[in-house]
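J.: Construct the entire structure; sequences and hints are all you get.
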Amino acid sequence: MTEFRVENLTVMRGSARVLDRACLHLHPGEFVGLIGPNGAGKSTLLRAALGLVAAQGFSSLARLAPAARARTSAWLPQAREIAWPMPVIDLVALAQNGRRDAPQVRAALKRMDIAHLAQRPATALSGGEQARVLMARALAQDTPILLADEPIAGLDPAHQITCMNHCAARAAEGRTVLASLHDLGLAARYCARLVVVHEGRIVADGAPAKVLTPALLRDVFAIHCHIAQAEGGLIVQPLDALSSSAAKESCHVPR
Amino acid sequence: MTRPWLLGVLAGAMGALFVISLLTGVADPGVATSLKALVLGGEGPLDIVMREIRLPRALLAVMVGASLGLAGAAMQGLLRNPLAEPGVIGISASAALGAVLALQTGLAAMVPLALPGAALLGALLGVGAILFLAGSGGGTLGLILAGIALSALASALTALVLNLSPNPFAAHDIVFWMMGSLADTSFTQVAIAAPVMALGWVLLGRSGRGLEALTLGEDTAASMGVNLARLRLAIVLGTAAAVGAATAVAGTVGFVGLVVPHVLRPWVGAHPGRLLPAAALGGAVLVLAADIAVRRILPGQDLKLGVLMALVGAPVFFHLIWRMRGRP
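Chains A and B are the protein sequences, given in the same order. Under this note's numbering, think of the first position of the first sequence as 32, with each following residue one higher. Under this note's numbering, think of the first position of the second sequence as 20, with each following residue one higher.
Everything labelled a hint here was simulated from the structure, so no lab data went into it. Note that the structure is predicted; figures quoted are calculated from it, not measured. Backbone N, C-alpha and C define an ideal beta-carbon position, used for all residues, glycine too. Hints may be right or wrong, so weigh each one.
To be verified - Cβ pair distances, simulated, as ranges:
hint, chain 1, residue 1, chain 2, residue 2, range
1, A, Asn128, B, Ala171, 36 to 44 angstroms
2, A, Arg44, B, Arg342, 33 to 41 angstroms
3, B, Trp341, A, Ala184, 29 to 37 angstroms
4, B, Leu152, A, Pro97, 26 to 34 angstroms
5, B, Ala168, A, Pro68, 37 to 45 angstroms
6, A, Ala272, B, Ala171, 49 to 57 angstroms
What the hints assert, rightly or not - Per the computed footprint, the stretches of chain B lying under chain A, defined by three or more beta-carbons under 8 angstroms from a beta-carbon of chain A, are:
hint, stretch
7, 229–236
8, 239–247
T.: Structure follows, in C-alpha cells:
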C-alpha cells in the first residue's frame, strides 16, 4: 500500500521513448534525489509513476484508485499554478478538505515558514513564497509518500536548506520522499540515495559518493566538478561546463 | 475574506427584489391589493395579472439568473479564467442557434421540450467546441479566440436561418426574442425550463470540491483524488443544461455569468467552490433587478433585458481585460 515501486515504466511521446523501462523501488525512510539534465525524463518518471501520464509497465501508485492514491502520495508539480487569489491558509488547507484548523495545516505552514503570510492572497506573494505555499500544501496532505518536482527551484539559500532538511526529516519519520533536483551540491548533501536519469533511462542509482563520479558528471551532465568531503557530507561544486565534444575526451577533475 | 452572512444577504436581496418584481408593471393598484390578489385570489383581471403574468416572470428571472450566474462561476473555475462566461465565449449564441432552429422548423410547436432540448444541444456543442479549441489549461488567448470563432459561427448560422426564413414576420419576432427578455412569459416557460435547469444546477452544484482543488492546476487536482474527466463532463453538461434552458425561455442574456462571479469573488475568499452558491443567488438578484429596471426605465418601450445586461456587463468585461493585460 505505501510502497513506491515502478517496473519497466515506459512513456512514449509520438515515436520517441521519453521514459525507457524505468525500474525503481523506494523504501520507507528514504529521501531520494532524482537528478539529470533538462529533458532527461525526471518529471515524466514522476508523473508516470503517479498515473498522470499514460505509461506502459507497472507502477504501485498508478494502479491505486484516485482516492487511495491521494491518501498514499502527495505530488508537487513543477508548474506552480495558483489560479485564484485565495488566502495562503486556505490553499494549504485544500490538502485537508478545506479544514483550516487541521493540525497538519498548521504544522505545514510553520515548516515552510509561511505562517505569517497565512491570511495574504497567495497570488500576491513572490515566486519563492508561492513555491513554499505549494510545498506546504503537499506536506499538509500528510501522506507516506511525497513526490516533488524541483521543490527548491526559486527558493533563497536558507529556504532551500530548510526545505531539504524537512524532506530529510520526513524520511526519518519513516516516510518516502522522492524529489527531482538540479542542485547537485544540495542533492549530494541531503539525499541518502541519488537516482540519475539520462535520455529517458535510469543510468545510476545509489549513495551520492558512488553515483557522482567524475565520469558520470562528464557523460550525463557535461560538467566537471570539485568533489570533496567536508563537515560530515559530500561536497559537489560544479566548476565548468564542457562542450559536448570535449565531454567525450577524458577531462581534468580536481580532487 | 469569507463572509458567512453573504449567502443570507443575497437570499434576502433576492426575496425583496422578487416581491418588488411582482409589484412592477403597467397596472398599479397598490401593494396590499396586489399581494392579496396573488395570495388569496379574487375576481377580475388583477388576479390573472398577478398569478399568470407577474409570478412566472419573477420566477423565471430567478431561475434564469441563478442558472447563468452558476454556469459562469463553474466555467471560470474549470478554465481557471475570469473571462470564461457563456455569453462571452459563444455558448449562449450556440444555444440561441439551437433554439432558433427549433422555432423556425416548427419543431418547438410540435414537440414539448423541443425548444429547451434544441437550445441545450446547441449549448452542449458550444461548450464542447470551446474545450476542444481552447484546451482546459486556462490560457486567456486561446479561450478568447475560441470564443470569438464560436460566436461568429453561431451568429452566422443564426443569420443564415433567418435569412432563408420564408416568413419575414417570424424572422422579425425571433430577432427580438434573441435580444433576451422575460416579457410575455407564462408558467408554460417555467415548466419547460425547470427540469432542464434543475439538472444543470445539480451537476454544477456538486462540482465545488473539484473546482477548489483545480485552483492548483490539473496535475495537483488529479493527485488529490479529483476525477478530472468526470468533473469536466459534469460542468460541460451542467453548463449546457443551465444556459440552454435559460436561453430557450429568455433568449440570449449575456454577461450575468461574467459580472456576478467577478463582483462576488472577493467576498468568498476567491474560493471557486464557495463562489458557486453565491453566484447562483447573485445571478438571480442581478436578473431580477435588471428585469425590474427594464420595466421602470422605459415602461411603454419594451426595453430588452439582454440589451440592458450587455450595457451593464460590457464595461466589466473591459475592466477585466484591462487588468489582465500583460499576463499570459
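J.: Could you run down the list of hints and mark each one as holding or not?
T.: A quick look at each hint next to the structure:
The hint said 36 to 44 angstroms for the Cβ distance between Asn128 of chain A and Ala171 of chain B, and at roughly 43 angstroms that hint holds. For Arg44 of chain A and Arg342 of chain B, the Cβ-Cβ distance of about 37 angstroms falls inside the hinted range of 33 to 41 angstroms, so the restraint holds. For the hinted restraint 29 to 37 angstroms between Trp341 of chain B and Ala184 of chain A, the CB-CB distance of approximately 32 angstroms keeps it satisfied. At about 28 angstroms, the CB distance of Leu152 of chain B to Pro97 of chain A agrees with the hint of 26 to 34 angstroms.
Separated by about 40 angstroms at the C-beta atoms, Ala168 of chain B and Pro68 of chain A satisfy the suggested range of 37 to 45 angstroms. As the Cβ distance of Ala272 of chain A to Ala171 of chain B is approximately 51 angstroms, the hint placing it in 49 to 57 angstroms holds. For a cut-off of 8 angstroms, the count of residues in the stretch 229–236 of chain B with a CB near a CB of chain A stands at 6, and the three-residue condition holds. Coverage of the stretch 239–247 of chain B by chain A holds in this model, with 7 residues showing a Cβ closer than 8 angstroms to a Cβ of that chain against a need of three.
Going down the numbered hints, you'll see the structure goes against none, and every one checks out.
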